[in-house]
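Engineer: These are the residues of each chain, in order.
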Amino acid sequence: MKKFISRLEPFLYLTPTLTGLLLFSAGAVVISFLMSFTHWEIVSPPEWIGLGNYSSMLHSDLFWKVFGNTFYYTLLSVPLSIALSLALALLVHERVRGIAFFRTAYFLPVVSSTVAVAIVWSWLYHPEIGLINLFLKKALGIEGPKWLSDTDWAMPAMVLMSVWKGLGYNMVIFLAGLQNISEEYYEAARIDGAPAWRRFLNVTLPMLSPTTFFVLIINLIGSFQVFEQTYILTKGGPANATLTLSYYIYQNAFQFFKMGYAASMAYVLFAVILLVTLFQFKLQKKWVFYG
Amino acid sequence: MKLDLLKRVCFLSVSLCTLLLWLSCGKADKSPPEKQIVLKLVHWYGPQRDNWQKEIIESFEREHANIKVGMDVVPYSLYYAKTLASAASGAPMGDVVAIDDWFAPELFKRNYTVDLQHYFDRDFKAQDFITQVFEMCRFPLGENGDLLAIPFATGTTVLFYNRDLFDQAGVSYPDSNWTYADLLAAARKLTRDIDGDGITDQWGILADDGTYTGFDTMLYSLGGQILSPDLKQSWIDRPKSVAALQYIVDLVRKEKVSPLPSSLESMGEKFGSEKVAMVITGDFVKLALKDVRFRWDITLPPKGPEGLRLSRRFGNSFCIPRQSQHPNEAWELIKHVLTSPSRGRLNELFESMMPVYKSLAFSKDWIEGVPLCNRRAIIETEEKYSFFHITPGWLEWREQALTPEVQNAMTGRKSVPEAAHDAARRISAILKQGEPGKAPL
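For the record, the sequence lines run as chains A and B.
No gaps in the numbering here: position 72 of the first sequence is 59 in this note's numbering, and each next residue is one more.
To convert a position in the second sequence, counted from 1, into this note's numbering, add 45.
Since the hints were made in silico from the structure, they are not lab data.
You may find that some hints are simply not true.
[Stated by the list, open to error] Under 7 angstroms between C-beta atoms, here's a sample of chain A residues computed to sit facing chain B:
# : residue
1 : I18
2 : S19
3 : F20
4 : Y173
5 : T264
[What the hints assert, rightly or not] Coverage of chain A stretches by chain B, computed from C-beta distances (three or more under 8 angstroms per stretch; other residues unrestricted):
# : stretch
6 : -5 to 9
7 : 92 to 98
8 : 134 to 146
[What the hints assert, rightly or not] A short list of chain A residues far from chain B (calculated; beta carbon distances all over 10 angstroms):
#  : residue
9  : E28
10 : P66
11 : W151
12 : I168
13 : S169
14 : W184
15 : F214
16 : G223
17 : Y254
In this text the structure is predicted, and so the values were computed from the model without any measurement.
Idealized CB from N, CA, C, for every residue including glycine.
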């Protein structure tokens, strides 16, 4: 009996946390999953429609457009963000005077509010009075695009802002990874006569691969869930060119009050993220080196 | 002994009289006072909060000693979600709730509000109001629907023009005889490359991509229709609608007299920047032009080729939610807002929107309100030419079907007939999905 009570004791202490978890996380997950099989407009009672929402989604050309937009955003932003933040990490890895200032400066956008950043960028992108187009015109003599009003340029513009915003975070992780690589490997490579680019390819990249893998997974998940940028910069326009899955879910849930449909899309998004992550975990065996 | 008895009788009589007198007085004092009723008024006119308190609530409370009014000002960006959440939860948002035209049908179809027809018939004469506006408060939409709210402020779509730019280009000002052909001719003259670098610096007009009411106004005046008369399907792919849409798209693509509309700037901001000479949009834009340095004015929107002049109307109303415990008192408050706001503050109270009560609309206080412009054109447009076609699901078909397809046509990604066809298909699908048991498309 005493043994039983002593085994039970930890669970007693865990009860408040477990209760919260069950009620507010697990409960919400189960309810939203059930909700995805209903037609529910909040005000009227939910109506069970089976796979109706999922079927409608598959037959909706707008959903596929949104799905395509989300993948487009991911394919543009993730490689760009990883490449640039790695480059930046290599730069700030150098032990030069005042490097702490640069590290702080590059990290600053990460701690800035996305809403404020997006508003500033929306002005930078202004086709007539924005600094970017003014620079292009005055310095290079190029007539800049209409950025957020142009169906072809709106998504790249959004990607550019997101990459700039997230660069510092990835940079810090890469920096930590770089600092963990033992100097001995570089010394050995130098003795073997390897030039700098060779040392980068054959020492830095393989030794950094676990960090790169982590950054890749985090960025992939984040990019599939992109919301604030769409919400502040474009509201999904022009012509639905920047309508991404998270924003589309928000619109359906909280603007059009189609809760069931929104819940079903949230589960599709979850499945996509899960599959892509599992695929990456499968693939990592071929390129991630935990030496 | 006798004296003693007399004393006792006298004492008893006096005591009894005193008691009766006290009781009778006490009864008068102790009669239950008229029960104090507390009403809650909800609206989104944040900057006018103090004016509403002083000019409407305090005067109402003076006239109704037993009623106290609390005011809840909800930011406009949260207003729709909060109203619908209140409708869903069954918790009353207030006793008198302001609603905007575009989400009113969502509340009406969910049986959220009290029918106000009998109150209106009892206390008002229809001819005292700009009655056209009442259409948007009826459900089912149309003349025969129940009156589920009472409009208090309205507006319509008019032609704004920059007098300075017209003068500089030597173009005569638009008047009530203008047609869309005249508009195009003037827009061509007003479109200019001022510094000669091959890039247009000043545009004749700013086309509307479906985001605002200027699009509907142009399309319908040119003979097109977004919705069928029964509001159950889209007719934007019909030949006349396609031709009208072609005219609007041509302003940007073929004639190049309008810039590509941008989501970065509202119509008012663009017109206020002096980069466009004309814009057809909601008259509420006048408020954004209060402090501009150039001279501007408004007039009726032009006529279409068949002499048709139509203008999309909009407006704000008050409803009484079904959960209100005091519908009669709430109605008294609505009556007060409708007819008795302080004349001196009338223009500010409704943020320059036109009052629906005629004696207020035609009052000097509103007609000559700031900013000063041809407000009689708004009244004339409202009374003679305005129309309304908001349905349940309006926001969805507008944001996800109409505007994106017009943008596709304006950017050249789709031809006008193709964009119209795709828009019609999606709008009709969204209109159908409101039926019970239908999954969204």
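Engineer: To test your reading of the hints: which numbers does this structure violate?
Structural biologist: Violated: hints 1, 2, 3, 4, 5, 6, 7, 9, 16.
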